[in-house]
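**Student:** Sequence:
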Amino acid sequence: MRKKQFKPTFNETVVQPIYDHVTSNNNTLEKRPAQTLIEFGESTVSLRYFDFALFYEKGCDDIVSACQQVIESMVIASRKTHGQTLSMTSIISYCNRGMAAFLCCMVSCS
42 MRKKQFKPTF NETVVQPIYD HVTSNNNTLE KRPAQTLIEF GESTVSLRYF DFALFYEKGC
102 DDIVSACQQV IESMVIASRK THGQTLSMTS IISYCNRGMA AFLCCMVSCS
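Numbering-wise (our numbering), the sequence shown opens with residue 42 and increments by one.
There could be a bad hint or two in this list.
What the hints assert, rightly or not - Pair ranges (Cβ atoms, derived): (1) Arg138 <-> Lys99: 16 to 22 Å; (2) Ala118 <-> Ser149: 17 to 23 Å; (3) Met147 <-> Leu127: 34 to 40 Å; (4) Asn137 <-> Ala75: 20 to 26 Å; (5) Cys150 <-> His123: 37 to 43 Å; (6) Ala94 <-> Arg138: 15 to 21 Å; (7) Cys146 <-> Thr126: 24 to 30 Å; (8) Thr122 <-> Ala75: 23 to 29 Å; (9) Cys150 <-> Gln125: 34 to 40 Å; (10) Lys99 <-> Gln76: 14 to 20 Å; (11) Glu98 <-> Lys121: 31 to 37 Å; (12) Thr85 <-> Ser151: 30 to 36 Å.
Calculated directly from the structure, the hints in this document are not laboratory data.
Treat the numbers as computed from the prediction; the structure is a model and nothing was measured.
Backbone N, C-alpha and C define an ideal beta-carbon position, used for all residues, glycine too.
Start from the sequences and build out the full structure, keeping to the hints where you can.
**Tutor:** Structure (structure tokens):
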């Protein structure tokens with residue numbers, strides 16, 4: 042059976058991590074992007090978005106922010122090349138399986 046080729050039906054938007062607040066609390070900086078939800082668009086799997094809001098303000102915001110920025114850059118690269126560099130399904134798998142487990146571990150260790 043041949044794999045269906047989905048063509049993106051969305052307008053490409055550039056996601057830039059913008060922090061809505063940076064406050065000092067106990068000698069640490071808490072950073073949280075204004076938008077924590079990453080939308081993947083149409084793909085062969087049912088997951089359409091990943092929300093990093095669950096992992097912020099748990100003591101490891103710098104790590105969560107870095108992970109979110111990496112996923113955002115992967116999504117942008119995949120959209121620009123129409124999945125030639127990295128498929129959206131792979132990125133969704135990174136979030137759903139690897140990133141979620143890693144961030145849960147980071148939250149429980151902090």
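**Student:** Within 20 to 26 Å: is that where the Cβ-Cβ distance between Asn137 and Ala75 falls?
**Tutor:** 24 Å Cβ-Cβ, so the 20 to 26 Å window holds.
**Student:** Met147 and Leu127, beta-carbon distance inside 34 to 40 Å?
**Tutor:** 24 Å, violated
**Student:** Is the gap between the beta carbons of Cys150 and His123 within 37 to 43 Å?
**Tutor:** Given about 38 Å between the Cβ atoms, the range holds.
**Student:** Is it true that the C-beta distance of Ala118 to Ser149 lies inside 17 to 23 Å, as the hint says?
**Tutor:** Given about 31 Å between the Cβ atoms, the range is violated.
**Student:** Evaluate the given range 16 to 22 Å for the C-beta pair formed by Arg138 and Lys99.
**Tutor:** About 20 Å separates the Cβ atoms of Arg138 and Lys99, which means 16 to 22 Å holds.
**Student:** So does Thr85 sit 30 to 36 Å from Ser151, Cβ to Cβ?
**Tutor:** 35 Å, holds
**Student:** Taking the Cβ atom of Thr122 and the Cβ atom of Ala75, is their distance within the range 23 to 29 Å?
**Tutor:** 27 Å, holds
**Student:** Could one say that the CB atoms of Ala94 and Arg138 fall in the range 15 to 21 Å?
**Tutor:** 19 Å, holds
**Student:** Range first: 34 to 40 Å. Now tell me if the beta carbons of Cys150 and Gln125 are that far apart.
**Tutor:** 37 Å, holds
**Student:** Within 24 to 30 Å: is that where the Cβ-Cβ distance between Cys146 and Thr126 falls?
**Tutor:** The hinted range 24 to 30 Å holds for Cys146 and Thr126, with Cβ atoms some 28 Å apart.
**Student:** Take the C-beta atom of Lys99 and the C-beta atom of Gln76, compute their distance, and say whether it sits inside 14 to 20 Å.
**Tutor:** 18 Å, holds
**Student:** Taking 31 to 37 Å as the stated bounds, is the beta-carbon spacing between Glu98 and Lys121 within them?
**Tutor:** 32 Å, holds
Hints 2 and 3, counting from the list given before, are not met by this structure.
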